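Visitor: Following the hints, put chain B in place on chain W, whose structure we already have.
2 protein chains.
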Amino acid sequence: METGNPGLKDTRTWGVIATWQMALSGTAQAGEILNGGGGAGDAVEALIRQVEACPEYTSVGYGGLPNREGVVELDAAYMDGDSLAQGAVAGIRQVRHPVSVARSLSARHANSFLVGDGAGRYARDGGFEMADMLTDRARNTWQDRLKGTEGGAAAPYDGHDTVGALALDGAGSMAAATSTSGLFMKDPGRVGDSPLPGSGFYADSQAGAAAATGLGEDIMKGCLSYEIVRRMREGADPQEACDRAVYPFVETLRRRYGKVGEISLIAIDPVGRFGVATNVDFTFCLAEPDRPASVFSAAPDGQGGTRFQTVRSDSDE
Amino acid sequence: METGNPGLKDTRTWGVIATWQMALSGTAQAGEILNGGGGAGDAVEALIRQVEACPEYTSVGYGGLPNREGVVELDAAYMDGDSLAQGAVAGIRQVRHPVSVARSLSARHANSFLVGDGAGRYARDGGFEMADMLTDRARNTWQDRLKGTEGGAAAPYDGHDTVGALALDGAGSMAAATSTSGLFMKDPGRVGDSPLPGSGFYADSQAGAAAATGLGEDIMKGCLSYEIVRRMREGADPQEACDRAVYPFVETLRRRYGKVGEISLIAIDPVGRFGVATNVDFTFCLAEPDRPASVFSAAPDGQGGTRFQTVRSDSDE
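First to last, the protein sequences are chains W and B. FYI, in my numbering the residues of the first sequence are -11 to 305. FYI, in my numbering the residues of the second sequence are -11 to 305.
Bound-form chain W, shown alone:
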């Protein structure tokens, strides 16, 4: 079996990119791992675990907002860009680090995507840390929302800030991972794009990697992570791949489906170049050898491209 990308063994570059400002300290940690010669898989897992652990972030892991019944149900995935191995969980409960469960599942040939109680039992039996994932703050937010919708159906809140992380390591290997608590007030058992290969994430060390955040149900309609990686495989640079995959698809959905939710994608290629496309105001983090972990904002430029702004870097702190 091949590992890494033989064509890139001599490069000394590495890079990591992740969705949303909340990934800044995780991105810094992933950058340290990569800078020290660590692997892409370890980098994305560490990044996402840091976001999952933080109770302040209401859309991922501990502190994530619950479904309409007040239960936190989590989705996560992991993909190894060398072997194309994937692992995923959806609707998993009471697991501290869903991304680590997903990574563990990626070592299996069959039964690598588990949902619901079956996923939870795999985690418990495998010795993964179990925890009550509903914080008091998240419970209060849920109760306030319930009161606000008394007498009517509770519409799912369309905040849906998945953390997605992509890394290229010094050996030319790539990995992708995602983690989310999904739509606030979602129906029990609802699955978004985050654990779905090709929709929420995709990684191929010989082509590139991509990950998504936004309204999963619309991202899935276009298999956008796969489509971006595919365009990089055919020679597009990551920014071009993102722009050309995302903006025409947003128009297609508007025309054919009649509406379109929030959609943001990030990408990295095998030489460490980055790309982003989004139909909203979006923040993301990245780190590379000559740049400490930094936050950028992105927005559509209205002409089929994306405009960027530096928000802050880790060295500002």
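Bear in mind the hints are in silico, worked out from the structure with no lab data behind them. Computed from a predicted model, the values in this text were never measured in an experiment. One thing to keep in mind: the hints can contain errors.
[Claimed, not checked] Here are some, though not all, of the chain W residues that point toward chain B, as calculated from beta-carbon distances under 10 Å:
#	residue
1	D30
2	N55
3	G58
4	A76
5	S92
6	G106
7	G177
8	P185
9	G204
10	M208
11	C211
12	K247
13	D269
14	T271
[Claimed, not checked] Here are the in silico distance ranges between beta carbons for each label pair:
#	chain 1	residue 1	chain 2	residue 2	range
15	W	Q291	B	A95	27 to 37 Å
16	W	G115	B	T298	51 to 61 Å
17	W	E239	B	R112	33 to 43 Å
18	B	D120	W	G293	49 to 59 Å
19	B	V59	W	R295	45 to 55 Å
20	W	V259	B	M118	51 to 61 Å
21	W	D113	B	E222	43 to 53 Å
22	B	E222	W	D30	36 to 46 Å
Ideal placement from N, C-alpha and C gives every residue a C-beta, glycine not left out.
Guide: Then chain B, alone, in the frame of chain W:
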């Protein structure tokens, strides 16, 4: 919102293709629907319901083989090729027709993919027929398998015969649907490719439709249904799209992942041409205006293409 494919409104062709010989009578019924001017969505749903209802078929619906704990857990999906709307369920229990639940979910913008207990509750609350899906025969097969593996872990049996159906109707609209009980002896909560957009199915009335059967965990690694539709969008005919998407990917997996499971794909394009690629001996059914529902067999030709043989037609009966 556009519906159908405006460029094809004047054609009077229709077509339906489905995986495995078990789809023959469903394909005949779908052909009657399409021939009578019915819609692609109604055709694929009727086809799949017929396979789901039959207790003889041990890989789909009623009579489907259970997971390693003796519980039948079902996956299904539906996609409308006009709007790109999708609905899916995974790990659903005690529902007579998972494909109809999936189709119902495709009418929602959010919460259109439900798993586990949440999916079952949606079906029950929505008035879908509930049923004990474990037949005596399936229970006996499971018990025999358990005895056969006493003292060792029960390995998942790699029979995994998803019914996938694709239709083009006389108005130029396309639809795709899938249904399966998944791997026999699977882990509780295991999800294969069948309910995953782009992996198990994809439909775009302006490009084509594709569906998969085989080891879901490997099909997912290549987003093969989406990749085939994408190639048709770029001008490939369905057979060319299938051959070029599937055979090189099988080699890629063998090289990079070290092994590859069974993979079979079917496709149809907006003018009613068909395509198939497979790395095993595979059967499929199709019907079109000048051909009654017929069974074909397909196998790889060893040179990057697929060879076919007629097995029987509905008029043989």
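Visitor: Run every hint past the structure and note whether it holds.
Guide: How the hints compare with the structure:
1. D30: Since the shortest Cβ distance to chain B is 20 Å, the answer is violated.
2. N55: 8 Å, holds
3. G58: 14 Å, violated
4. A76: Status holds, d = 8 Å.
5. S92: Violated, about 13 Å.
6. G106: 2 Å, holds
7. G177: 2 Å, holds
8. P185: 5 Å, holds
9. G204: 8 Å, holds
10. M208: Result: holds, 5 Å to nearest chain B Cβ.
11. C211: Since chain B brings a Cβ to about 4 Å from C211 of chain W, closer than 10 Å, the hint holds.
12. K247: 7 Å, holds
13. D269: 21 Å, violated
14. T271: Violated, about 23 Å.
15. W:Q291 / B:A95: 27 to 37 Å: 34 Å, holds
16. W:G115 / B:T298: 51 to 61 Å: 54 Å, holds
17. W:E239 / B:R112: 33 to 43 Å: At 39 Å between Cβs, range holds.
18. B:D120 / W:G293: 49 to 59 Å: 56 Å, holds
19. B:V59 / W:R295: 45 to 55 Å: For R295 of chain W against V59 of chain B, whose Cβ atoms are near 52 Å apart, the range 45 to 55 Å holds.
20. W:V259 / B:M118: 51 to 61 Å: Given range 51 to 61 Å: holds, Cβ gap about 54 Å.
21. W:D113 / B:E222: 43 to 53 Å: Roughly 46 Å apart at Cβ, these two residues keep to the hinted range, so it holds.
22. B:E222 / W:D30: 36 to 46 Å: 37 Å, holds
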